[in-house]
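Put chain E on the given structure of chain R with help from the hints.
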Amino acid sequence: MVELKVLLITGRTIDQGCSKEYGKLSEEYLDNVAICEMNPEDMKNLMISDGKRVRVSTKFGSVVVKAKKSRRIRSPGKIFIPYGPWANLILASDTDATGMPLLKGVQAEVEPTEENVLGLADLLNQSYGKAKK
Amino acid sequence: MPVVSKVVCPVCGCCCDDIELIVEGNRIAGARNACALGAAKFENYNKHRNTSPLMRKNGKLERTSLDEAIRRSAEILANSSYPILYGWSSTSCEAVRVGLELAEEVGGAIDNTSTICHGPSILAVQDVGLSGSTLGQIRHRADLIIYWGSNPWSAHPRHMERYTALSEGRFRKSIWRRLLLGWQAESIRKRISRIAGLVFKRGTSGLKESGKERVTPSVEERKVIVVDVRKTRSADIADYFVQVEPGKDYEVLQALRAIIRDEELDVEEVAGVPVQTLEEIADAMIDCKFGVLFFGVGLTMSRGKLQNIDAAIRLVRDLNIRTKFLIMPMRGHFNVTGADTVFTWQTGYPYAVDFSLGYPRYNPGETSIVDILTRGDSDAALVVASDPVSNFPREATRNLVKNPLIVIDPHLSATALMADVVIPSAFAGIEAKGTTYRMDHVPLPLRKIVDPPEGCLSDEEILQKILGEVRNVKRSVAS
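First to last, the protein sequences are chains R and E.
Read left to right, the first sequence gives residues 47 to 179 (our numbering).
Read left to right, the second sequence gives residues 31 to 509 (our numbering).
FYI, nobody ran anything at the bench for these hints, they're computed from the structure.
Quick caveat: nothing in here was measured; it's all calculated off a predicted structure.
Among the hints, erroneous ones may be present.
What the hints assert, rightly or not - If you want the footprint, here are the derived chain E segments under chain R, 3+ residues with CB under 8 Å:
{"#": "1", "region": "60 to 72"}
{"#": "2", "region": "148 to 159"}
{"#": "3", "region": "258 to 267"}
{"#": "4", "region": "285 to 291"}
{"#": "5", "region": "401 to 409"}
Unchecked claim - Under the rule of at most 35 Å between Cα atoms (straight-line distance), these lysine-lysine pairs were calculated in the DSBU-like manner:
{"#": "6", "chain 1": "R", "residue 1": "K98", "chain 2": "E", "residue 2": "K432"}
{"#": "7", "chain 1": "E", "residue 1": "K354", "chain 2": "R", "residue 2": "K114"}
{"#": "8", "chain 1": "E", "residue 1": "K261", "chain 2": "E", "residue 2": "K220"}
{"#": "9", "chain 1": "E", "residue 1": "K261", "chain 2": "E", "residue 2": "K278"}
{"#": "10", "chain 1": "R", "residue 1": "K114", "chain 2": "E", "residue 2": "K77"}
{"#": "11", "chain 1": "E", "residue 1": "K278", "chain 2": "R", "residue 2": "K90"}
{"#": "12", "chain 1": "E", "residue 1": "K278", "chain 2": "R", "residue 2": "K115"}
{"#": "13", "chain 1": "E", "residue 1": "K495", "chain 2": "R", "residue 2": "K176"}
{"#": "14", "chain 1": "E", "residue 1": "K220", "chain 2": "R", "residue 2": "K114"}
{"#": "15", "chain 1": "E", "residue 1": "K77", "chain 2": "R", "residue 2": "K98"}
{"#": "16", "chain 1": "E", "residue 1": "K261", "chain 2": "E", "residue 2": "K203"}
{"#": "17", "chain 1": "R", "residue 1": "K114", "chain 2": "R", "residue 2": "K51"}
{"#": "18", "chain 1": "R", "residue 1": "K114", "chain 2": "E", "residue 2": "K261"}
{"#": "19", "chain 1": "E", "residue 1": "K495", "chain 2": "R", "residue 2": "K112"}
{"#": "20", "chain 1": "R", "residue 1": "K98", "chain 2": "E", "residue 2": "K220"}
{"#": "21", "chain 1": "E", "residue 1": "K77", "chain 2": "R", "residue 2": "K176"}
{"#": "22", "chain 1": "E", "residue 1": "K77", "chain 2": "E", "residue 2": "K478"}
{"#": "23", "chain 1": "R", "residue 1": "K112", "chain 2": "R", "residue 2": "K176"}
{"#": "24", "chain 1": "R", "residue 1": "K98", "chain 2": "E", "residue 2": "K261"}
{"#": "25", "chain 1": "E", "residue 1": "K432", "chain 2": "R", "residue 2": "K105"}
{"#": "26", "chain 1": "R", "residue 1": "K105", "chain 2": "E", "residue 2": "K278"}
{"#": "27", "chain 1": "E", "residue 1": "K495", "chain 2": "E", "residue 2": "K478"}
{"#": "28", "chain 1": "E", "residue 1": "K87", "chain 2": "E", "residue 2": "K36"}
{"#": "29", "chain 1": "R", "residue 1": "K176", "chain 2": "E", "residue 2": "K87"}
{"#": "30", "chain 1": "E", "residue 1": "K432", "chain 2": "R", "residue 2": "K51"}
{"#": "31", "chain 1": "E", "residue 1": "K77", "chain 2": "R", "residue 2": "K115"}
{"#": "32", "chain 1": "E", "residue 1": "K36", "chain 2": "R", "residue 2": "K176"}
{"#": "33", "chain 1": "E", "residue 1": "K261", "chain 2": "E", "residue 2": "K354"}
{"#": "34", "chain 1": "R", "residue 1": "K114", "chain 2": "R", "residue 2": "K176"}
{"#": "35", "chain 1": "E", "residue 1": "K478", "chain 2": "R", "residue 2": "K112"}
{"#": "36", "chain 1": "E", "residue 1": "K278", "chain 2": "R", "residue 2": "K98"}
{"#": "37", "chain 1": "R", "residue 1": "K115", "chain 2": "E", "residue 2": "K220"}
{"#": "38", "chain 1": "R", "residue 1": "K51", "chain 2": "R", "residue 2": "K90"}
{"#": "39", "chain 1": "E", "residue 1": "K36", "chain 2": "E", "residue 2": "K319"}
We put the beta carbon where it would ideally sit given N, CA and C, even for glycine.
Bound-form chain R, shown alone:
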């Protein structure tokens, strides 16, 4: 299996901003937030096309999202996931005593996968179900 080392950046997109107003359980939110924008060259190296699923892993966790070709990421080696529960699942809580966790520029790995992208309710249940007694 091909695996790619990248820098993960999270942030806002206009589609994320609009679809959160439709409700976080909406299809639109899932389609616009559970995605990973990638440089076309990186996608070629991973042998995946637009809309295929990828597993993005950091040392804090991993999550399955859909790959999306983006010309905004001009050089390979960087990926972008919009703010939301999918991105935050793989970020560290440590703040280096500043109050602010590192949410941009985190080292990550991307690999193609056949697993499904989990909807919000399933994602929460799988990640925090045990914590919620």
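Frame of chain R, contents of chain E only:
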């Protein structure tokens, strides 16, 4: 159909106050002047909505009465030893005020969303100060606009139109003329390229290389610079786009400071940016009459955090020796500035305030919510108008949901799905009135346009009821 005008938009920190809403009975049928985000909220806020209070019984959220939900919330808060109260940036200042009173009453830690947004900016401002102004000044006078680590096209869609690049000020013209000429030139270039391709039947790569056409700005026209790690849509309309390697903004800011002090850099590039580009940017900064640097969470959330903002403010301070320059954070939620302001009035501190010792204490890194959660110190939580389960990293979220959790929110958010008590509220600025603060600290009125669903109270009213009930519980325990 009646049109309600001069409505303040309750979405982002721009708080656009020129929205016109078409109201049909008790329903908003359309929004004029709003951006995509504003229109999405005004036209869809009522869809996918929970209007009934919920309580977790046998692991499942079940409907309950408002009184029961309030009573249970008060019990949770009164009986916990270190509760956290979080959110506050998407509600009115009036609700925040009651929230602070409640935090003091229960001896908890209270924090607003600045903590994972512009918290580092606040820390840097406390270190080095900030030269700011209102957005009106900038609209009329600024001739150089810099967006650093900020993508207004996505996060503050009308910021450029109302206050900066695309607005016509009294003394400064927008960049529209240049944009249109540039697009026209681009379209002609593409047409020539297509014809050349057909005639010569071969590649036209030479023509494609010519890149974006630049039209020289006139004296009165503003200039726009965008600095980011990605070529965002905001970057598309900038005169200069500077792409920085992720996590290296600090180096670029310090390099610019050195160039402005006429020091020579003995490297060819800094964080992927050629020194020649930095020199051009530095020249544009020095040559402007009234510059402004808007910075976003691209600086606060990446490596360096508050040090990045510290460097940006120092850069602006250096520039003020040569010209006039301002700096302003691009605040996200519509009332995050108001939350900071009310926190400061009431406690002396803008966020991350801890009442556990009976008096307000402020030490971000210790009393900030992500740190409290990561350490696992808290034993209950109240979340108001926010969705930390969507926005906090995993470990913090796990510790948030494992303890009793109360959510007051009009939406059934990810946090509400994991809560023990959910109290649906009215939307501030649509169904409830109040006060909000624009990103430049100008207070604006939030209006009540339509009635909330039956039984849905405003955040302020719900918090007042919880506060009253907490006092009842404590009195009955004391007696």
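Taking the hints in turn, this is what the structure says about them:
1. Beta-carbon proximity to chain R at under 8 Å applies to 4 residues in the region 60 to 72 of chain E; the threshold of 3 is reached and the given coverage holds.
2. Under a criterion of three residues with beta carbons nearer than 8 Å to beta carbons of chain R, the stated coverage of the region 148 to 159 of chain E is upheld, 3 such residues being counted.
3. Residues of the region 258 to 267 of chain E lying with their CB closer than 8 Å to a CB of chain R number 5, which satisfies the three-residue condition for coverage.
4. With 0 residues carrying a beta carbon less than 8 Å from a beta carbon of chain R, the region 285 to 291 of chain E misses the three-residue requirement, and the given coverage is violated.
5. Look at the region 401 to 409 of chain E against chain R: 3 of its residues bring a Cβ nearer than 8 Å to a Cβ of that chain, three or more, so the hint holds.
6. With a C-alpha separation of about 34 Å, the suggested pair K98(R) and K432(E) falls inside the 35 Å cut-off, and the hint holds.
7. A distance of roughly 43 Å separates the Cα atoms of K354(E) and K114(R); the hinted pair therefore is violated under the 35 Å criterion.
8. Proposed proximity of K261(E) and K220(E) is supported: the alpha carbons are some 21 Å apart, at most 35 Å.
9. For the hint pairing K261(E) with K278(E), the CA-to-CA distance comes to about 16 Å; that is within 35 Å, so the pair holds.
10. Proposed proximity of K114(R) and K77(E) is supported: the alpha carbons are some 28 Å apart, at most 35 Å.
11. A C-alpha spacing of about 27 Å is found between K278(E) and K90(R), which places the hinted pair at or below 35 Å, so the restraint holds.
12. A distance of roughly 25 Å separates the Cα atoms of K278(E) and K115(R); the hinted pair therefore holds under the 35 Å criterion.
13. The hinted pair formed by K495(E) and K176(R) meets the criterion: a straight-line CA distance of about 32 Å does not exceed 35 Å.
14. Our distance criterion of 35 Å between C-alpha atoms is met by K220(E) and K114(R), whose separation comes to about 27 Å.
15. For the hint linking K77(E) to K98(R), the alpha-carbon distance of about 30 Å falls within 35 Å, and the restraint holds.
16. Distance restraint check for K261(E) and K203(E): the Cα-Cα separation of roughly 25 Å lies within the 35 Å cut-off, and the hinted pair is therefore satisfied.
17. The suggested pairing of K114(R) with K51(R) holds, with an alpha-carbon distance near 17 Å, which does not exceed 35 Å.
18. Distance check on the hinted pair: K114(R) and K261(E) sit about 16 Å apart at the alpha-carbon level, within 35 Å; holds.
19. At most 35 Å may separate the alpha-carbon atoms for a hinted pair to count; K495(E) and K112(R) exceed this at roughly 44 Å.
20. For the hint linking K98(R) to K220(E), the alpha-carbon distance of about 32 Å falls within 35 Å, and the restraint holds.
21. For the hint linking K77(E) to K176(R), the alpha-carbon distance of about 30 Å falls within 35 Å, and the restraint holds.
22. Distance check on the hinted pair: K77(E) and K478(E) sit about 18 Å apart at the alpha-carbon level, within 35 Å; holds.
23. Using a Cα cut-off of 35 Å, the hinted pair K112(R) and K176(R) holds, with the two alpha carbons roughly 26 Å apart.
24. Note on K98(R) and K261(E): the hinted pairing holds, with a Cα-Cα distance of about 23 Å set against a maximum of 35 Å.
25. For the suggested pair K432(E) and K105(R), the alpha carbons sit about 23 Å apart, so the restraint of at most 35 Å is met.
26. With a C-alpha separation of about 22 Å, the suggested pair K105(R) and K278(E) falls inside the 35 Å cut-off, and the hint holds.
27. Taken as a hint, the K495(E) and K478(E) pair is honoured in the structure, with Cα atoms around 21 Å apart against an allowance of 35 Å.
28. For the hint pairing K87(E) with K36(E), the CA-to-CA distance comes to about 44 Å; that exceeds 35 Å, so the pair is violated.
29. Restraint check: the Cα-Cα separation between K176(R) and K87(E) comes to about 16 Å, which is no more than 35 Å; the hinted pair holds.
30. Of the pairs offered as hints, the one joining K432(E) and K51(R) holds, with about 33 Å between alpha carbons and a cut-off of 35 Å not exceeded.
31. Between K77(E) and K115(R) the alpha-carbon distance is near 31 Å, which keeps this suggested pair within the 35 Å criterion.
32. A hinted pair counts as satisfied when its Cα atoms are at most 35 Å apart, and K36(E) with K176(R) does not qualify at roughly 48 Å.
33. At most 35 Å may separate the alpha-carbon atoms for a hinted pair to count; K261(E) and K354(E) meet this at roughly 28 Å.
34. Distance hint between K114(R) and K176(R) is fulfilled; the C-alpha atoms sit about 32 Å from each other, no more than 35 Å.
35. With a CA separation close to 40 Å, the supplied pair K478(E) and K112(R) exceeds the 35 Å bound.
36. With a C-alpha separation of about 31 Å, the suggested pair K278(E) and K98(R) falls inside the 35 Å cut-off, and the hint holds.
37. Between K115(R) and K220(E) the alpha-carbon distance is near 23 Å, which keeps this suggested pair within the 35 Å criterion.
38. A hinted pair counts as satisfied when its Cα atoms are at most 35 Å apart, and K51(R) with K90(R) qualifies at roughly 14 Å.
39. Taking the CA atoms of K36(E) and K319(E), the gap is near 33 Å; set against the 35 Å cutoff, the hint holds.
Hint compliance for this structure: hints 4, 7, 19, 28, 32 and 35 are broken, all remaining hints hold.
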